[in-house]
Amino acid sequence: MPEIFIDGKRFEYEKPQKVLQFMLDHGMELPFFCFHPSLSIPANCRQCMVQAGTPVFNKEKNEYETDENGERKIRYFPKLMTACSLDMSDGMVVKTHRSSDLVRRAQKDNLEFILINHPLDCPICDQAGECPLQIQTYKYGPEGSRFEFKKVHKPKRVKLGPRVTLDAERCINCTRCVRFCNEISKTNQLTIISRGDKNYPATAPGKEFDDPYSVNTVDICPVGALTSSDFRFKARVWEMNQTPGIDITNGKGTNVDLWTRNNLVLRITPRYNPEVNDYWMPDAGRDAYKLYNENRVSKPEIRLDEENSSKTTWNNALETFLEKITEHSADEILVIGSPHASLEDNYILRKFFNKIGVNDIYYTPHIEAGAGDGFLLTDDQAPNTRGIQHLGFTESEDLARQLSSDKIKVVIVLHDHLLDRSAVTTEALEGKYVISFATNNSEMTKASDLVIPITCAAEHDASYVSIDGRIQRTFPAKETIYTNRSLNPEMGIGRLDRYGTKFDNWITDQNKVDCIPAWEFLMRLSKRMNQDIEFTESRQILDEVASTIPVFEGVSYERIDEENGIQLPELKETEINPA
Amino acid sequence: MDIAFDKTDLEEIEKIKAKYPTNQSAVMPVLWYAQEKFGHVDEDVQQIVAEALELPEAHVYGVVSFYTQYYNKKMGKYVLDVCTCFSCQITGGYDILEYLEDKLGIKAGETTEDGMFSIQSVECLGACGYAPMLQVSNDIYVNHLTKEKVDKLIDSLREDKMPEFESIPLPQHQNEEN
Amino acid sequence: MSTDWKSYKPILLPNIKNLHQIEVYEKNGGYESLKEVIENKDDKWAKDKVTNEVKSAGLRGRGGAGFNTGLKWSFMPKPDGGPRYIAANGDESEPGTFKDRQIFEYNPHLFIEGAIIAAYAMTVSAVYVYIRGEYRSWIQKLQKAIDEAYKKGYLGKNILGSGIDIDMYLHSGAGAYICGEESSLMESLEGKRGYPRIKPPFPAQKGIWGRPTTINNIETLSNVPYIIKNGADWYSSIGAEKHPGPVLYGISGHVNRPGVYEYPTGMPVMTLINEVAGGVSNGKKVKAIVPGGSSTPILRADQLEGLTMDAESLREAGSMMGTAGLCVLDEDTDIIDFLWRITHFYHHESCGQCTPCREGTGWLEKLLLKIKNGDGEVRDLDILLDLCTQMEGRTICALADAAAWPVRYTITRFRDEFEARCKKTIYATA
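Protein chains in written order, with the working numbering: chain Z, 12 to 590; chain G, 2 to 179; chain P, 34 to 463.
Since the hints were made in silico from the structure, they are not lab data. Where hints are given, some of them may not hold.
[Unchecked claim] Simulated pairs of lysine to aspartate or glutamate, EDC-like, Cα-Cα distance not exceeding 16 Å: (1) 90/Z x 434/P; (2) 239/P x 223/P; (3) 20/G x 180/P.
[What the hints assert, rightly or not] In silico negatives: residues of chain P with every beta carbon more than 10 Å from chain G: (4) 56; (5) 62; (6) 156; (7) 411.
Every residue, glycine too, gets a C-beta built ideally from N, C-alpha and C.
When you get a sec, could you build the whole thing from the sequences and use the hints?
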């Protein structure tokens with residue numbers, strides 16, 4: 012097997028890669044800026060320089076030449092080489108800063124050069140705390156500055172596009188943003204303009220950077236040159252908790268991270284998943300944080316008369332719900348599940364209503380033709396359509412017609428704003444008693460007679476199946492009134508939770524929503540009706556789904572967490588398994 | 002002038018494109034063509050060039066801003082590029098530049114009020130043996146400059162007379178003839 | 034050698050009136066080498082024989098790097114049926130260099146013939162001549178000569194009945210010194226910003242549009258017809274031993290008769306200054322010379338004793354041949370001002386792609402401006418030398434080296450003058 016020596020350690024490898032990629036794969040750190048595993052290699056930041064050499068092979072003797080100690084003679088390349096563009100070869104010897112003074116000097120010099128025109132913006136720069144320039148300067152950079160001149164001034168606070176702000180002075184011209192637009196999102200909207208140290212990225216004059224993936228450039232920008240206009244100045248990185256989650260704005264199942272502070276989701280960033288979304292996510296998915304924070308239904312609501320509703324107690328909500336389903340027969344109740352709700356919520360919905368005799372649970376898919384682009388945007392606007400297809404729900408061809416039937420007296424809708432997305436009309440709902448499980452206020456909740464507030468994707472752990480048939484799950488990032496970050500092992504805790512007192516953190520209870528997971532409400536109902544649906548955690552629900560429905564065989568939260576999502580084998584038509 | 006390519010322009014552009022295997026390679030000669038026609042390659046001109054060659058506008062903008070001879074905005078009728086580099090510097094290039102600046106009342110990088118002249122201080126133009134010198138509007142070189150020669154040049158330019166190309170004989174040939 | 038230079042008859046720029054017209058060129062033996070190669074392409078002048086002849090002639094690139102041309106040609110891989118290119122580098126933006134324009138003006142067909150022979154030897158289908166945009170008059174002249182060559186069947190389809198097709202196109206630059214660097218030239222030809230490419234891959238493996246390409250200077254290709262005509266031995270006997278052939282010296286600066294002179298390599302510098310160029314102007318004395326364009330290290334007057342203009346001799350003296358663009362500075366020249374303007378040039382021309390050059394050239398200029406204005410301190414000189422070490426060898430192309438060498442060597446060789454302009458330092462830098 013070919014071998015390579017890095018800082019004296021021997022490694023074997025099969026396929027030759029670039030040295031930097033190899034080192035990163037093996038957990039060896041080397042400073043760099045312009046390199047990105049998913050983009051082309053420009054080698055222009057010159058930070059990853061290493062000293063490399065190859066052994067001298069004597070063709071006549073058919074062996075490597077050795078010196079007097081028996082060590083292989085190494086012919087080093089005359090100049091330092093950038094590791095990101097250096098191909099590995101058999102017998103190559105690589106020296107990094109760990110074993111070469113010259114490399115240490117080169118790293119320090121390069122950082123000195125980057126910093127001479129870089130503005131002293133750290134106190135006001137969003138990137139602070141997650142800035143590779145800060146980290147690498149601290150570890151490999153010069154002690155102070157020898158530059159005693161005016162720095163080059165360039166435009167600051169440029170509105171590059173609707174979601175991205177450019178600060179040209181901070182830019183180190185790594186060209187990651189330009190390469191992203193040319194190679195990944197293929198919109199070619201960015202370029203570097205001007206020459207020499209006056210250059211900076213820009214769009215064509217008069218044109219906006221309205222690429223549907225534009226905010227990804229903010230993620231990959233190694234400095235604070237590109238910042239998210241929406242998130243600018245909202246919070247410091249070290250104040251926020253980072254929790255993994257799933258993008259619920261479309262069916263792709265893009266892996267994301269939710270960043271919360273004081274129980275508000277402040278931003279959403281992509282999470283690396285080579286099977287689904289690589290390092291990227293669509294801009295549309297980033298706005299979902301507003302859904303989690305604002306306009307939430309908190310405490311159940313009940314309609315009093317034509318115009319008025321009022322908040323009510325959970326007990327009252329339970330009793331009213333119970334009343335409505337017991338005083339009507341099973342064929343007078345229309346139950347509508349949702350591709351927007353999780354597998355667990357939908358499964359318990361079906362299980363509960365099957366037990367009281369409602370055999371058909373309907374749903375209508377939320378498809379917007381033309382919204383998909385073959386990359387991370389899909390026509391399907393809901394995260395769990397394939398999941399509920401295999402829970403044995405019936406797809407309704409014409410929900411409005413079903414609803415308008417006089418036979419139906421009670422309509423129960425799980426987490427689906429049917430009115431808002433024009434799947435039904437207000438006329439169709441007239442004369443029925445409408446119960447909605449909802450996370451946010453909407454036309455649908457206004458038209459409902461009883462609204463049960465449920466947890467959103469940021470507040471519960473639940474699983475969703477993407478349009479590619481991949482089951483993935485969320486973690487709770489936001490507390491509700493009933494959950495507690497320190498007690499719930501699934502919730503991520505950050506620096507502020509671990510250290511400091513309550514008085515340091517200035518946490519309020521205002522941002523906690525009075526809601527519970529839909530399955531928990533249904534479970535309480537079923538207890539009142541003396542049924543035997545009993546779960547304490549959502550992972551138990553998934554275990555039951557896995558053991559009863561063949562498509563989901565072998566699936567569990569442990570396995571999802573370990574494998575970062577499970578690709579379900581060919582999903583085919585299955586029998587509905589009654590609970 | 003309306004910023005658009007007419008039929009003859011598009012035919013010329015096709016001829017230019019035929020010299021290269023890709024459209025992108027034709028962007029530099031087409032930008033030159035457009036600059037000759039419109040006097041500059043500002044954002045509107047960049048737009049029609051991008052359309053004619055089916056290239057992203059940002060790419061064309063990047064190319065225009067990289068090369069110094071493409072003018073991003075309207076310049077004076079005559080652009081005087083005075084070389085002040087290396088040999089021209091030590092043989093009086095800066096003196097000629099200062100004289101020109103005083104004469105026209107503007108500094109290097111500016112255009113006169115009447116829009117006739119722009120002055121730029123440029124890098125080596127490849128006429129080091131004939132220093133000091135300047136180039137008029139990316140075209141003719143005016144060599145061996147003296148204050149008088151500058152005066153004469155400005156006067157003839159004011160009358161719209163571009164100087165002729167000056168073929169400077171090789172001194173080795175002159176030596177032989179002596 | 035130094036005695037018979039007076040009897041040297043120029044061959045690259047001979048004194049023949051109207052030589053740029055194809056009829057005059059043909060009448061004076063023009064295109065004979067091409068005809069000979071084509072007629073004997075199956076035996077005496079098979080492709081690799083042409084390359085070997087050029088290699089043994091010892092012709093070295095005249096663009097500044099001085100690499101053996103025939104050896105460079107031999108790097109082209111075996112033809113695979115796809116297009117292959119020659120990019121003729123007429124970017125000529127190195128300060129002090131003004132020789133290729135003379136070929137365009139006075140003997141363009143010599144270059145065209147040399148390029149066609151090179152294209153034949155390397156199985157090249159098209160020659161792209163990249164000429165700097167400021168040379169508009171010379172682009173027009175060369176285009177006329179190319180049109181004449183096409184009409185006479187030396188270019189285009191089925192050259193001289195050989196069945197070989199070779200095209201030649203002119204591409205005008207637009208004002209960027211960096212595009213004279215070979216990989217930047219290729220990027221510019223492809224219609225992009227002139228950012229040099231990382232090497233490997235080299236142009237012969239992956240050049241313009243991903244195809245095998247060789248880049249040669251205009252003057253280099255102009256030597257090829259004579260090598261074919263008179264043979265490698267004749268060629269390698271002209272001028273210096275390790276760096277043979279005629280070369281165009283571009284003498285400028287403080288001399289009485291500046292201009293381009295053609296002489297064999299190895300001319301003594303003092304002969305060039307005092308006899309060929311008529312001596313230092315205004316009767317002054319030489320203070321320093323820059324032998325081959327602004328990137329080559331400056332040499333003091335006391336280093337010029339016995340110095341000859343050829344690659345080896347100049348390298349031993351601590352400088353380089355470069356483009357043989359000799360600039361003479363007289364005793365009253367302000368060296369600090371001169372050096373500042375050179376750093377200003379590199380700062381302006383840096384493409385901005387990689388960090389050390391982009392930031393370093395700017396910092397060098399700012400430091401030299403400070404020293405030039407009398408506000409500098411002695412420790413600034415040490416910082417400058419440090420910066421040179423930080424820039425050399427760390428970048429994608431050699432512009433950073435070309436920017437650092439003048440600074441390093443001018444300061445070391447004229448240290449007293451720099452220190453005299455500086456203020457006294459109270460403390461030393463780390």
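Structure-based check of all given hints:
1. 90/Z x 434/P: 12 Å, holds
2. 239/P x 223/P: Cα-Cα ~13 Å, so holds.
3. 20/G x 180/P: Judged against 16 Å, a Cα distance of about 14 Å means the pair holds.
4. 56: 19 Å, holds
5. 62: 18 Å, holds
6. 156: 17 Å, holds
7. 411: 25 Å, holds
Of the numbered hints listed earlier, not one is contradicted by the structure.
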